[in-house]
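In case you want the letters, here they are:
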Amino acid sequence: MLHEAPQFLIALEQSALASAIRQSSWAYMTANVGHILALMVFVSAVVVMDARLLGAFAAAPPATVVRPARRWAALGLLLMAATGFMLFTAEATHVASNRVFQIKAGLIVLGILNALLAGRLLREALDQTQAFEPLPTAARLCAVLSLTIWFATAACGRLIAYF
Amino acid sequence: MHKTLALLGFGLAVPTAVLAHHGWGSYDAAHPITVAGPIETLKYENPHALITVKAADKVWTVTLAPTSRMQSRGAPPEFVAVGKMVSAYGYPSTVEKDEMRAERITVDGKTVELR
Chain A
1 MLHEAPQFLI ALEQSALASA IRQSSWAYMT ANVGHILALM VFVSAVVVMD ARLLGAFAAA
61 PPATVVRPAR RWAALGLLLM AATGFMLFTA EATHVASNRV FQIKAGLIVL GILNALLAGR
121 LLREALDQTQ AFEPLPTAAR LCAVLSLTIW FATAACGRLI AYF
Chain B
1 MHKTLALLGF GLAVPTAVLA HHGWGSYDAA HPITVAGPIE TLKYENPHAL ITVKAADKVW
61 TVTLAPTSRM QSRGAPPEFV AVGKMVSAYG YPSTVEKDEM RAERITVDGK TVELR
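Chains A and B are the protein sequences, given in the same order.
With our numbering, the residue at position 100 of the first sequence is 100, and numbering never jumps.
With our numbering, the residue at position 37 of the second sequence is 37, and numbering never jumps.
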């Protein structure tokens, strides 16, 4: 099946790093556990951030919640990417050809684009909105998109193993 | 970030002919089989150890368990070394031709559960 995969994926899977991850008694397991722990950091920060955008914790000025939560989310995403890369590398050709993984990859791109767009769109509103004041509709839209995309991403992540 | 995005983009463009064998979902648990014969190759690697077994009909790829589980259940690399006679009870893949996932294997009269 290797011959059907793109060259760069074959090279990645056959790299010394990929071999080391597969042959180590702990590397793959550690990456797997790390991926889940990073997910907890990521998703908890995302939920806090999006909940505030949707109007929860109204007593706190939105910027005081959204900005620190966004930094935690970014850290979580970075850790997810690092551990995810380890898991991907070990089985690059197989995983890349998995339909659910492809959907997951697309969702991650969408999620990051949504986050970057929201950062730009909502900068002024975050600076100016006080506690108990409503945020613009765009904030709620970005939050709903964010929650939908990231929960779907997590579901796809778990489903890779079954397709 | 741009590199990550580029890599993810590549992932989307990859052909879909081959599906990952992973988990128990892509195996036909309704039709268990037993594959018996000498072990021809061994990959004692994560996420799953793999052996090929020269059975009477054909050469089967038999997916075993993660190496840490193999170790803790008493199936180190020597247990499934090339040349050993193995009997693997498990389920044929619904995706990959001539591949099965072993529920348990018996080598030298010793049975090891792999699930």
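No wet-lab data here; the hints were simulated from the structure.
As the structure is a prediction and not an experimental result, all values here were calculated from the model.
Even glycine gets a Cβ: it sits at the ideal position worked out from N, Cα and C.
Be aware that a few hints might be false.
Said to hold, decoys possible - If the Cβ cut is set under 8 Å, some of the chain B residues that face chain A in the computed set are:
| # | residue |
| --- | --- |
| 1 | Gly-25 |
| 2 | Ser-26 |
| 3 | Gly-37 |
| 4 | Thr-41 |
| 5 | Glu-45 |
| 6 | Thr-67 |
What the hints assert, rightly or not - Calculated lysine to any residue pairs in the SDA-like style (CA-CA distance at most 20 Å, straight line):
| # | chain 1 | residue 1 | chain 2 | residue 2 |
| --- | --- | --- | --- | --- |
| 7 | B | Lys-43 | A | Met-86 |
| 8 | B | Lys-97 | A | Ala-161 |
| 9 | B | Lys-43 | A | Arg-99 |
| 10 | B | Lys-43 | A | Trp-26 |
| 11 | B | Lys-43 | A | Ile-10 |
| 12 | B | Lys-43 | A | Thr-148 |
| 13 | B | Lys-97 | A | Tyr-162 |
| 14 | B | Lys-43 | A | Ala-11 |
| 15 | B | Lys-97 | A | Gln-23 |
| 16 | B | Lys-43 | A | Leu-12 |
| 17 | B | Lys-84 | A | Leu-12 |
| 18 | B | Lys-97 | A | Glu-4 |
| 19 | B | Lys-43 | A | Ile-112 |
| 20 | B | Lys-43 | A | Gln-14 |
| 21 | B | Lys-97 | A | Leu-141 |
| 22 | B | Lys-43 | A | Ser-25 |
| 23 | B | Lys-97 | A | Phe-163 |
| 24 | B | Lys-43 | A | Trp-72 |
| 25 | B | Lys-97 | A | Thr-93 |
| 26 | B | Lys-97 | A | Ser-25 |
| 27 | B | Lys-43 | A | Ser-19 |
Problem - Broken hints, by number - result: Hint check: 3, 4, 9, 12, 15, 17, 19, 21, 24 and 26 fail, others pass.
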